[in-house]
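Engineer: Sequence:
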Amino acid sequence: MTKHILTTFFDAMSSERNFSTNTLVSYAYDLEKFEKFQAKKGIKIIASTQEQIEDFLKVEFDLGLKATTRARRLSSIKQFFKFLLEEDLRLDDPSIKIKITNRIRSLPQLLSVKEVESILNIAKSFGKNSYSKARNYALFELLYSTGMRVTELLSLPINSVLGEPDMLLVRGKGEYERLVPVSNQAKLAVAAWLIERNKKHKRDDSRYLFPSKSKQGYLNREIFFKLVKQIATCAKLDSRKISPHALRHAFASHLLENGADLRVIQSFLGHSDISTTEIYTHVVSDKLKNLVLKHHPLSKVKI
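Every letter in the sequence shown is one number past the one before it in our numbering, and letter 113, counting from 1, is 116.
One should not assume that every hint holds.
Unchecked claim - List time: in silico DSS-like cross-link candidates among lysine-lysine, alpha-carbon distance up to 27 Å:
1) Lys43 - Lys136
2) Lys232 - Lys205
3) Lys136 - Lys85
4) Lys244 - Lys117
5) Lys69 - Lys100
6) Lys127 - Lys203
7) Lys203 - Lys131
8) Lys136 - Lys81
9) Lys85 - Lys244
These aren't lab readings, by the way, just hints derived from the structure by calculation.
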């Protein structure tokens, strides 16, 4: 289980944060060190506490590691537990109160509207039969329309979409509920999917919108992650930079670009802290700045 989580974590860091191979190798080394440290105590890395992380860092200090190396160790651990929290694999982040100096927050990978349209167009016809094509298209339309987290999307109850609602009730981290918007295109995609779904599954077979034979009863997130990569490749996009989270980021960034209030976006994303949502303002600001530098006539004047 831990191995699968770590693999998914590194895939996500490569796609969302655009980390270099060297950075990923360093992070893998850091987390392997911490995992072995915890294994000696019979503790799985995903069950670590703040005190145990601090104990690990103290041992590293006693070994005489440079401050920069210790800072990177903590950065690796922080990124990992932030990922676990975002994916509902933990209800808390034990590293959040541990300080790290000069930490630079990475900006999310931003997809353009045109790139998202390419992905959705491919998703509409991607699959070996009408069942998988309808399912794939519904998955991608819902993800971009609502900005849901991957686990929230995959574990969505079928009852939540009956009646073609304009808003979906989503149960997120810590069982908190929130409402997210559903576009007309997403409604059509879900309606088409329900027709195909009902041909294969009886109403009482599964309570999930996207059922599967997995242990959880719904589509496995690793399978969906691979599906995203395959569709990105077919859309002639760099699959290393495309992930389910990239579409969630696109949802937020595109809303912001078109004038949506930051507090509304915070509510849709399910962020408890507005500062988490504010990172999208930096992404959009950078994009607007580059647009001005490229097209404004005075930007080309040499002073």
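Engineer: Are the hints correct? Go through all of them and say.
Structural biologist: Comparing the hints with the structure gives:
1. The hinted pair formed by Lys43 and Lys136 fails the criterion: a straight-line CA distance of about 47 Å is larger than 27 Å.
2. Our distance criterion of 27 Å between C-alpha atoms is broken by Lys232 and Lys205, whose separation comes to about 31 Å.
3. For the hint linking Lys136 to Lys85, the alpha-carbon distance of about 33 Å lies beyond 27 Å, and the restraint is violated.
4. Taken as a hint, the Lys244 and Lys117 pair is honoured in the structure, with Cα atoms around 15 Å apart against an allowance of 27 Å.
5. Between the alpha carbons of Lys69 and Lys100 the distance comes to roughly 21 Å, so the proposed pair stays at or under 27 Å and holds.
6. This hinted pair checks out: Lys127 and Lys203 have alpha carbons roughly 19 Å apart, not beyond 27 Å.
7. Annotation: proposed proximity of Lys203 to Lys131 holds, straight-line Cα distance about 15 Å (limit 27 Å).
8. At roughly 38 Å between alpha-carbon atoms, Lys136 and Lys81 are farther apart than 27 Å, so this suggested pair is violated.
9. The hinted pair formed by Lys85 and Lys244 meets the criterion: a straight-line CA distance of about 19 Å does not exceed 27 Å.
In summary, the numbered hints that this structure violates are 1, 2, 3, 8.
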